[in-house]
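Mind docking these for me? Both chains are given alone in their own frames, and the hints should help you get the complex.
Residue numbers (the numbering used here), protein chains in the order written: chain V, 120 to 376; chain H, 406 to 497.
Hints are computed from structural coordinates only; laboratory data are not their basis. Small disclaimer: the values here were computed from a predicted structure and weren't measured. Any given hint might turn out to be false.
To be verified - When the alpha-carbon atoms are kept at most 30 Å apart in a straight line, the in silico DSSO-like pairs for lysine-lysine are as follows:
1. H/Lys439 x H/Lys464
2. V/Lys355 x H/Lys409
3. V/Lys299 x H/Lys432
4. H/Lys410 x V/Lys355
5. H/Lys487 x H/Lys446
6. H/Lys487 x H/Lys477
7. H/Lys409 x H/Lys439
8. V/Lys355 x H/Lys464
The chain contents come next:
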Amino acid sequence: MTISADFDQGAFVRALLDPELPPPNELETPGGFRPERRFAVYRNNVCVGLVDALAERFPICLQLVGDEFFRAMAQCYVRERLPRTPMLFEYGDAFATFVSNFKPARELPYLPDVARLEYAVGAAYHAADAAPLPLELIRALPLDRLESATAVLHPSTQVVASAYPIVSIWRRHMSDEKMKPLELDRGEEALVVRPELAISVSPLPSGGSDFVDALRSGGTFGEAVNAATAVAMDFKLTDCLRELLLTGVFVAVSVAH
Amino acid sequence: MSDKKLCAAIAIAGAFATAVALAETAKAANDQEKCFGVSLKGKNDCAAGPGTSCAGTSKTNYQGDAWKYVPKGTCTSIVTPKGKGSLEPISH
Chain V
120 MTISADFDQG AFVRALLDPE LPPPNELETP GGFRPERRFA VYRNNVCVGL VDALAERFPI
180 CLQLVGDEFF RAMAQCYVRE RLPRTPMLFE YGDAFATFVS NFKPARELPY LPDVARLEYA
240 VGAAYHAADA APLPLELIRA LPLDRLESAT AVLHPSTQVV ASAYPIVSIW RRHMSDEKMK
300 PLELDRGEEA LVVRPELAIS VSPLPSGGSD FVDALRSGGT FGEAVNAATA VAMDFKLTDC
360 LRELLLTGVF VAVSVAH
Chain H
406 MSDKKLCAAI AIAGAFATAV ALAETAKAAN DQEKCFGVSL KGKNDCAAGP GTSCAGTSKT
466 NYQGDAWKYV PKGTCTSIVT PKGKGSLEPI SH
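Isolated chain H, as found in the complex (with noise of 0.2 Å):
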């Protein structure tokens, strides 16, 4: 291996593990999870139901078996008029 293929060879592996560790960290704060019950009619990331199976197909408000992604931790924690949010899909 040359010098200077050496160097780069240095500066990505230098470069990536800074990178993974930066990743790392922003992504804890940003992991999301799928939340059912909580998303607005036709806002759903995905499932909302038999026949229908893909983002913006929910009917109403609130739709239990439909799901939004949001930050991870706090799904259960919100509130809708219609009861809070959950990890399984829930029947209204």
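Bound-form chain V, shown alone (with noise of 0.2 Å):
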């Protein structure tokens, strides 16, 4: 199957994702033996990949739906958005959004916000490399001062904020821990980080991701305090500094002079 340089992309694009349609007409095959034939193996093999491409990536949403029914989706969403980079590892990044207007994922309103998690698990794992600033030097800065300091986070943190009980869902099916019963209108707030080569996914504390979002954005910590105490009036800071002392998530702290 050789196609020529110059030809109709989109044509092509349309052609791939539709079954109904012809092979594109610049498609050539030796002896011009049935391209149509050709076309619709080629056709499988892309949305396969890529449906399986998702499966890998969103393995917990495939154990909550089944393999099944996490098939039919993830082809609805292969034919909805195909990747934009070549970068199969950033496909799925519009997934969650998808999941959340699937009408017949509506019976399960978490799915969607436990997509968004592995999506930050994925991203998280594929993020650089940084050296987490060891408990000692944290330990010997001048802590009076830090309400005015800044923090550079570790690249893979990440935070997902959910009205579910989502990081005790992500739990449960990584680990073949015994399934207790879940209270699923309580929130969570996911912390993904990746500080040497294994994934931590933690709960934070109510307020612990705007606290994260605050730092990230180049806030100082009492700027961040205010950001957590605004969304939650009982942000429990010793907590949540705690995880995230324990899972590295502090590359630098600047304390200013």
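Here's what the structure looks like:
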């Protein structure tokens, strides 16, 4: 199957996504032998490959809805949105939004947020490396001046806030842990980091994701606390910091003089 | 510094000091070490010999030049059908 250099890419993509359409005109097969058959094989491989990529990328969503449902849903996504870049690990960036609009999945209202968390996990996995600031050095900081200090966060740091217990759902499906009943209406904020090579997904206290977002955008610790308490009056700063320190989120802290 | 700002500074300093202490305790229990020769095929965390350089690339179970993170202090006591785990690459 060969294609000339100046072919119509738009028409090619349309034919790729719609099995009803004939193969692109420019398509040549040896001896002109049934190009539609060969193109159908190609069309199928592209779709199956991308569905497989989504299944690898969103393994917990797959577990939640089952193989058949997931593959059908993923196929709809593939038809709607082909990869935007040649990097397959970026594929699925709009999957969570797609799932939230996918009517057959309405019965699982937490599914879009689980997809969001899984995409964050993948992004963290592929993020740049950085050495977390050792706890000994953090202990040696002038703590009384931290209020006006800023921090550089590990490049893999991601937060996902949800009205559903997404961290608990994620953890239960990642391990063989025995299932206990979950309170579905209890929201959780997930912290995703990859300080060394293993992904860490842990819950932050309520307001924690705003705290992290404020620090990430260059805010001081004082401003970050304000951002967190603005959404969660009882923001537990110590718990939040403990989780951030434990997962190696801080790469540098600069104290103003 | 205003009173309000001073209060915030004290609260943050206190929370940080406590959080560092808590994190140190938890970390001591969680510390990991690279352990060679214990990972299953394709389940290594990193290093699987020349030519391949990262996670999930080991070709055989308990490959001696592939490592996996395990809790600190436990590596050399892990026994596999191919022998014990090692902190250095091993040739079976």
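Against the structure, the hints:
no.: 1; hint: H/Lys439 x H/Lys464; verdict: holds (18 Å)
no.: 2; hint: V/Lys355 x H/Lys409; verdict: holds (18 Å)
no.: 3; hint: V/Lys299 x H/Lys432; verdict: holds (27 Å)
no.: 4; hint: H/Lys410 x V/Lys355; verdict: holds (18 Å)
no.: 5; hint: H/Lys487 x H/Lys446; verdict: holds (13 Å)
no.: 6; hint: H/Lys487 x H/Lys477; verdict: holds (21 Å)
no.: 7; hint: H/Lys409 x H/Lys439; verdict: violated (47 Å)
no.: 8; hint: V/Lys355 x H/Lys464; verdict: violated (46 Å)
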